[in-house]
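Construct the complete structure from the given sequences, taking the supplied hints into account.
Residue numbers (the numbering used here), protein chains in the order written: chain A, 1 to 138; chain B, 1001 to 1166.
Hints in this document: simulated from the structure, not taken from any laboratory.
Bear in mind that the values here come from a model prediction, so they are computed numbers and not experimental data.
C-beta atoms are modelled at their ideal positions from N, C-alpha and C, and glycine is treated no differently.
Please note that the accuracy of each hint is not assured.
Here are the simulated SDA-like pairs of lysine to any residue, each with C-alpha atoms no more than 20 Å apart in a straight line [claimed, not checked]:
| no. | chain 1 | residue 1 | chain 2 | residue 2 |
| --- | --- | --- | --- | --- |
| 1 | B | LYS1148 | A | GLN77 |
| 2 | A | LYS38 | B | SER1023 |
| 3 | A | LYS38 | B | GLU1103 |
| 4 | A | LYS59 | B | GLU1103 |
| 5 | A | LYS38 | B | TYR1140 |
| 6 | A | LYS59 | B | GLN1076 |
| 7 | A | LYS38 | B | LEU1035 |
| 8 | A | LYS38 | B | LYS1148 |
| 9 | A | LYS97 | B | HIS1031 |
| 10 | A | LYS38 | B | GLU1071 |
| 11 | A | LYS97 | B | GLY1070 |
| 12 | A | LYS38 | B | TRP1147 |
| 13 | A | LYS38 | B | GLN1076 |
| 14 | A | LYS97 | B | SER1023 |
| 15 | B | LYS1148 | A | LEU86 |
| 16 | A | LYS38 | B | PHE1102 |
| 17 | A | LYS71 | B | THR1104 |
| 18 | B | LYS1159 | B | ASN1058 |
| 19 | A | LYS59 | B | PRO1030 |
| 20 | A | LYS38 | B | PRO1030 |
| 21 | A | LYS97 | B | ARG1109 |
| 22 | A | LYS71 | B | GLU1103 |
| 23 | A | LYS97 | B | PRO1030 |
The calculated label-pair distances, taken between Cβ atoms and stated as ranges, are [as the list claims (entries may be wrong)]:
| no. | chain 1 | residue 1 | chain 2 | residue 2 | range |
| --- | --- | --- | --- | --- | --- |
| 24 | A | TRP134 | B | ASP1007 | 21 to 29 Å |
| 25 | A | ARG88 | B | GLN1129 | 57 to 65 Å |
| 26 | B | ASN1043 | A | GLN66 | 15 to 23 Å |
| 27 | A | TRP127 | B | MET1027 | 29 to 37 Å |
| 28 | A | ARG88 | B | THR1101 | 29 to 37 Å |
| 29 | A | VAL135 | B | ALA1025 | 46 to 54 Å |
| 30 | A | LYS71 | B | ASP1145 | 42 to 50 Å |
| 31 | B | TRP1147 | A | ILE111 | 45 to 53 Å |
| 32 | A | ARG88 | B | SER1023 | 33 to 41 Å |
| 33 | A | ILE10 | B | ASP1143 | 27 to 35 Å |
| 34 | B | LEU1015 | A | ARG88 | 44 to 52 Å |
| 35 | B | ARG1006 | A | ILE111 | 34 to 42 Å |
| 36 | A | ILE10 | B | PHE1034 | 56 to 64 Å |
Residues per chain are reported as follows:
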Amino acid sequence: MRSSTLSALILVLLAVHLVASPAVHSQSIRDEILRLFKRCVHLHREGVDVAPVVATLRKALEAFDQGQYRKASMLVQNASAELNRLEREAPRIVMEKRVRFSITIASLIAIPIVFYFLFPYVYLWIWLRVRRKWVVER
Amino acid sequence: MNLLDRDVFAVLLALVVVATFFSLALMLRPHEHFLLATLLNANCSIGTYPRAVVNGGNITLCLYLENHLGEPIYVQIRYKIGTNETLPTNSTPSPEPTLKTFETILEDRANVTLRMVVPVYVKPSLVGQRIALIFEVWIYDVDNDSWKYTGIWLHHYVKVYEVGTP
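Next comes the structure, spelled out in structure tokens:
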């Protein structure tokens, strides 16, 4: 009698677990999307381009809303892996971006200076090229 | 060197300097931050919006969102039904309860069109009257870990009828 009660109790608990499991799982996917989104924003503020990861998260959220939990879970895993890679490479990416930006600014500032020193010679060279077939007559 | 007229050279140099500073200003200027939201019809285009709906029925609308806030955003659209007295403002959301939410995540300078099927059910006293379908735009505030009302909201007026009403 006692063992049958115990078995019944285990069966009820198992049934409750099976019914509640998808809801718990779906909530964890949603929480994970939010967690990854926060990491994306922090990484973006550091200067890393996170657009592909954000696009993946959007697709995951769409799949989640359509009840495609397996697809959503897979997309979340992809986004997480990509985000981990970007976080590892963030210092290098940020440094490269800063160097590229500095070079662009320096090049722009250098244009008037280069123009000031080089343009007279360029003009002279063009002047001579245009008149190289000219003949001097007395 | 004397072949190049000094005045002409000065003018050319001035043009180059101005063009350079203009380019620098364009590169370094702060970007204007804004979020664009537009309500579209069931075909996700402008015009021919539904004017009447049966009480208890559904209505399909689209919402176009464009993010220019300078960073990725997690957007939540809160759908409410209200009247002229319960419309949101630029600083406060509508006091009406949220009936349905739609969420999306948008990268900076990206856009998305959400297709929304929303239920329309009102109390009997509002049947035959014009009600507002309200769509409030909320975004997730990463710094405070909470949803924040953006002050952006859209609404569309419809007349509600009971089944069988001419």
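Ascending list of hint numbers which this structure does not respect: 1, 2, 15, 19, 20, 30, 33 and 35
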